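Please construct the entire structure, taking both the sequences and the accompanying hints into account.
For the record, the sequence lines run as chains P and R.
When the letters of the first sequence are read in order and numbered with the working numbering, they come out as residues 31 to 287.
When the letters of the second sequence are read in order and numbered with the working numbering, they come out as residues 31 to 287.
Worth flagging that the hints you see were computed from the coordinates, not collected in a lab.
Among the hints, a few may not be true.
Stated by the list, open to error - Within a straight-line C-alpha distance of at most 30 Å, the following computed DSS-like cross-link-like pairs (lysine-lysine) qualify:
{"#": "1", "chain 1": "P", "residue 1": "K277", "chain 2": "R", "residue 2": "K46"}
{"#": "2", "chain 1": "R", "residue 1": "K213", "chain 2": "P", "residue 2": "K213"}
{"#": "3", "chain 1": "R", "residue 1": "K55", "chain 2": "P", "residue 2": "K237"}
{"#": "4", "chain 1": "R", "residue 1": "K119", "chain 2": "P", "residue 2": "K286"}
{"#": "5", "chain 1": "P", "residue 1": "K196", "chain 2": "R", "residue 2": "K237"}
{"#": "6", "chain 1": "R", "residue 1": "K160", "chain 2": "R", "residue 2": "K46"}
{"#": "7", "chain 1": "P", "residue 1": "K213", "chain 2": "R", "residue 2": "K164"}
{"#": "8", "chain 1": "P", "residue 1": "K196", "chain 2": "R", "residue 2": "K286"}
{"#": "9", "chain 1": "P", "residue 1": "K63", "chain 2": "R", "residue 2": "K277"}
{"#": "10", "chain 1": "P", "residue 1": "K160", "chain 2": "R", "residue 2": "K213"}
{"#": "11", "chain 1": "R", "residue 1": "K286", "chain 2": "P", "residue 2": "K236"}
{"#": "12", "chain 1": "R", "residue 1": "K237", "chain 2": "P", "residue 2": "K237"}
{"#": "13", "chain 1": "R", "residue 1": "K213", "chain 2": "P", "residue 2": "K164"}
{"#": "14", "chain 1": "R", "residue 1": "K55", "chain 2": "P", "residue 2": "K236"}
{"#": "15", "chain 1": "R", "residue 1": "K196", "chain 2": "P", "residue 2": "K213"}
{"#": "16", "chain 1": "R", "residue 1": "K286", "chain 2": "R", "residue 2": "K55"}
{"#": "17", "chain 1": "R", "residue 1": "K213", "chain 2": "P", "residue 2": "K196"}
{"#": "18", "chain 1": "P", "residue 1": "K277", "chain 2": "P", "residue 2": "K63"}
{"#": "19", "chain 1": "P", "residue 1": "K119", "chain 2": "P", "residue 2": "K164"}
{"#": "20", "chain 1": "P", "residue 1": "K107", "chain 2": "P", "residue 2": "K52"}
{"#": "21", "chain 1": "R", "residue 1": "K82", "chain 2": "P", "residue 2": "K160"}
{"#": "22", "chain 1": "R", "residue 1": "K160", "chain 2": "R", "residue 2": "K119"}
{"#": "23", "chain 1": "P", "residue 1": "K286", "chain 2": "R", "residue 2": "K46"}
{"#": "24", "chain 1": "R", "residue 1": "K63", "chain 2": "P", "residue 2": "K277"}
{"#": "25", "chain 1": "P", "residue 1": "K237", "chain 2": "R", "residue 2": "K236"}
{"#": "26", "chain 1": "P", "residue 1": "K277", "chain 2": "R", "residue 2": "K55"}
{"#": "27", "chain 1": "R", "residue 1": "K213", "chain 2": "P", "residue 2": "K277"}
{"#": "28", "chain 1": "P", "residue 1": "K213", "chain 2": "R", "residue 2": "K63"}
{"#": "29", "chain 1": "R", "residue 1": "K55", "chain 2": "P", "residue 2": "K286"}
{"#": "30", "chain 1": "P", "residue 1": "K236", "chain 2": "R", "residue 2": "K277"}
{"#": "31", "chain 1": "P", "residue 1": "K277", "chain 2": "R", "residue 2": "K236"}
{"#": "32", "chain 1": "P", "residue 1": "K277", "chain 2": "R", "residue 2": "K164"}
{"#": "33", "chain 1": "P", "residue 1": "K164", "chain 2": "R", "residue 2": "K277"}
Since we're looking at a predicted model, the values are computed, not measured.
Protein chains: 2
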Amino acid sequence: MIFIGERINTGFADIKQAVQDKDPKPLQEWARKQTAAGATYLDVNLGAISSKPEDMCWMIETVQEAVDTPICIDSNKANILAEAIKVCKAPALINSTTAVAEKLEQVLPIAAEHNASVIGVVMDEAGAPKDANKRVENAGMILACAMEHGIPPEHIFLDPIVMPLKFMQEQAGQILEATNQFKLFSDPPPHVVCGLSNIANGTRHKKLINRIFLAMAIANGMDAAICDVMDTALVNAALTAELVMNKAIYADSYVKK
Amino acid sequence: MIFIGERINTGFADIKQAVQDKDPKPLQEWARKQTAAGATYLDVNLGAISSKPEDMCWMIETVQEAVDTPICIDSNKANILAEAIKVCKAPALINSTTAVAEKLEQVLPIAAEHNASVIGVVMDEAGAPKDANKRVENAGMILACAMEHGIPPEHIFLDPIVMPLKFMQEQAGQILEATNQFKLFSDPPPHVVCGLSNIANGTRHKKLINRIFLAMAIANGMDAAICDVMDTALVNAALTAELVMNKAIYADSYVKK
Chain P
31 MIFIGERINT GFADIKQAVQ DKDPKPLQEW ARKQTAAGAT YLDVNLGAIS SKPEDMCWMI
91 ETVQEAVDTP ICIDSNKANI LAEAIKVCKA PALINSTTAV AEKLEQVLPI AAEHNASVIG
151 VVMDEAGAPK DANKRVENAG MILACAMEHG IPPEHIFLDP IVMPLKFMQE QAGQILEATN
211 QFKLFSDPPP HVVCGLSNIA NGTRHKKLIN RIFLAMAIAN GMDAAICDVM DTALVNAALT
271 AELVMNKAIY ADSYVKK
Chain R
31 MIFIGERINT GFADIKQAVQ DKDPKPLQEW ARKQTAAGAT YLDVNLGAIS SKPEDMCWMI
91 ETVQEAVDTP ICIDSNKANI LAEAIKVCKA PALINSTTAV AEKLEQVLPI AAEHNASVIG
151 VVMDEAGAPK DANKRVENAG MILACAMEHG IPPEHIFLDP IVMPLKFMQE QAGQILEATN
211 QFKLFSDPPP HVVCGLSNIA NGTRHKKLIN RIFLAMAIAN GMDAAICDVM DTALVNAALT
271 AELVMNKAIY ADSYVKK
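Pasting the structure below:
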């Protein structure tokens, strides 16, 4: 399972304050904690508080002073991605492109040049698809375009776009079905990722819904998630689901206490 | 979700003692507790302590004095099933037949006569299948034979035979795949059930494995389980998985505390 730690994001008040003050401590503390919890990548998100590439670069460099964990550069601005990727020490994961041609032409060359992986969100000009078929169509476009740029499928993380269960309950089944289809695109297949927390938006039992949905997504082939890696029950659910899928070998000690 | 409470079984020491002493209390207490916890059926299993149909009938009648919950008659002996079903007040679930022709010809007429449902374990003369395809083949035989006896698919509960993750890890994926296929047999489809606890046999994290596997099985169409209905985390996992599958409507209060 590829766990992408979600916590270094200016959407959280402590990170916002730290970036504004250029205080490295909170970022480095979350970098260490998420790495210790098993994060494969650390998502770094500057959010709306600045549009300056140097602020994103400061965040990444600050994190890299504390840990060696690869960075997931979370920005929808090509100029930020282009600068940020230059300071990443390990091959990065770019978060993200969409299935919009202009966006793909901005983001994919950056990924190709730096041997980076890319999250491809299956959104297009019309927004987020409402059914599995359109998700698969957009995913196919992203994957084909990536391959034209010399990026192999195993560097592509397709994101079927998780919708809130509470408000769009019928979408969950479409997302699982799309996930299943994404894994059939190629051999080796692309990765499938999601921004997990969206599934439980507005609900009273967020952690329960997060971990059960993730297990069901793993049953359909999902192998990555941007999530709260500090949630031990979530991590243990994912590790168990991967055992069931025979992607890790059973040992009595396969989960943490 | 169809929860079949597993607890009234002489494999448990208190039930064994109670049946030997003809003490109704332990059976009635578990009948009430499992019903309160949401059991759809109560499995009643005489086990190896007696081969007398009247002992099974005593168990069922004792349970029925306490609750109205339908009975799942758990026996592999046709003469016990034939007598036990006569004392069931509500349409029963027979547990079970296999895909062996002789067995089907013993069990299905009993079910047809009493408007009962039947669990069809996909085992045949060669034992339990090791791959999804053979499971599907045996399930198809059970379903076809049931329909010849006038039993509709919605009265059939196909059991793909859950194997221990610890010792036969590659089987879990085959079981999920078979479950998925079973649901394509007919419209309306047959139910798919499992004896859940087998998945975690010999492991250190039984409850975690039980509930994550069940969520993954529900993602593949499973809609019934013989399980520990007193395990609130398990029940909540299953209820969450059914929400994700859009089989129940979201309400903030969909799970119990």
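Here is what the structure says about each hint:
{"no.": "1", "hint": "P/K277 <-> R/K46", "result": "violated, 40 Å"}
{"no.": "2", "hint": "R/K213 <-> P/K213", "result": "holds, 21 Å"}
{"no.": "3", "hint": "R/K55 <-> P/K237", "result": "violated, 39 Å"}
{"no.": "4", "hint": "R/K119 <-> P/K286", "result": "violated, 48 Å"}
{"no.": "5", "hint": "P/K196 <-> R/K237", "result": "holds, 27 Å"}
{"no.": "6", "hint": "R/K160 <-> R/K46", "result": "violated, 33 Å"}
{"no.": "7", "hint": "P/K213 <-> R/K164", "result": "holds, 24 Å"}
{"no.": "8", "hint": "P/K196 <-> R/K286", "result": "holds, 17 Å"}
{"no.": "9", "hint": "P/K63 <-> R/K277", "result": "violated, 38 Å"}
{"no.": "10", "hint": "P/K160 <-> R/K213", "result": "holds, 24 Å"}
{"no.": "11", "hint": "R/K286 <-> P/K236", "result": "holds, 14 Å"}
{"no.": "12", "hint": "R/K237 <-> P/K237", "result": "holds, 17 Å"}
{"no.": "13", "hint": "R/K213 <-> P/K164", "result": "holds, 24 Å"}
{"no.": "14", "hint": "R/K55 <-> P/K236", "result": "violated, 40 Å"}
{"no.": "15", "hint": "R/K196 <-> P/K213", "result": "holds, 26 Å"}
{"no.": "16", "hint": "R/K286 <-> R/K55", "result": "holds, 27 Å"}
{"no.": "17", "hint": "R/K213 <-> P/K196", "result": "holds, 26 Å"}
{"no.": "18", "hint": "P/K277 <-> P/K63", "result": "holds, 25 Å"}
{"no.": "19", "hint": "P/K119 <-> P/K164", "result": "violated, 36 Å"}
{"no.": "20", "hint": "P/K107 <-> P/K52", "result": "holds, 21 Å"}
{"no.": "21", "hint": "R/K82 <-> P/K160", "result": "violated, 58 Å"}
{"no.": "22", "hint": "R/K160 <-> R/K119", "result": "violated, 38 Å"}
{"no.": "23", "hint": "P/K286 <-> R/K46", "result": "violated, 37 Å"}
{"no.": "24", "hint": "R/K63 <-> P/K277", "result": "violated, 38 Å"}
{"no.": "25", "hint": "P/K237 <-> R/K236", "result": "holds, 20 Å"}
{"no.": "26", "hint": "P/K277 <-> R/K55", "result": "violated, 46 Å"}
{"no.": "27", "hint": "R/K213 <-> P/K277", "result": "holds, 25 Å"}
{"no.": "28", "hint": "P/K213 <-> R/K63", "result": "violated, 44 Å"}
{"no.": "29", "hint": "R/K55 <-> P/K286", "result": "violated, 40 Å"}
{"no.": "30", "hint": "P/K236 <-> R/K277", "result": "holds, 19 Å"}
{"no.": "31", "hint": "P/K277 <-> R/K236", "result": "holds, 19 Å"}
{"no.": "32", "hint": "P/K277 <-> R/K164", "result": "holds, 23 Å"}
{"no.": "33", "hint": "P/K164 <-> R/K277", "result": "holds, 23 Å"}
The structure fails hints 1, 3, 4, 6, 9, 14, 19, 21, 22, 23, 24, 26, 28, 29 (numbered hints given earlier, in ascending order).
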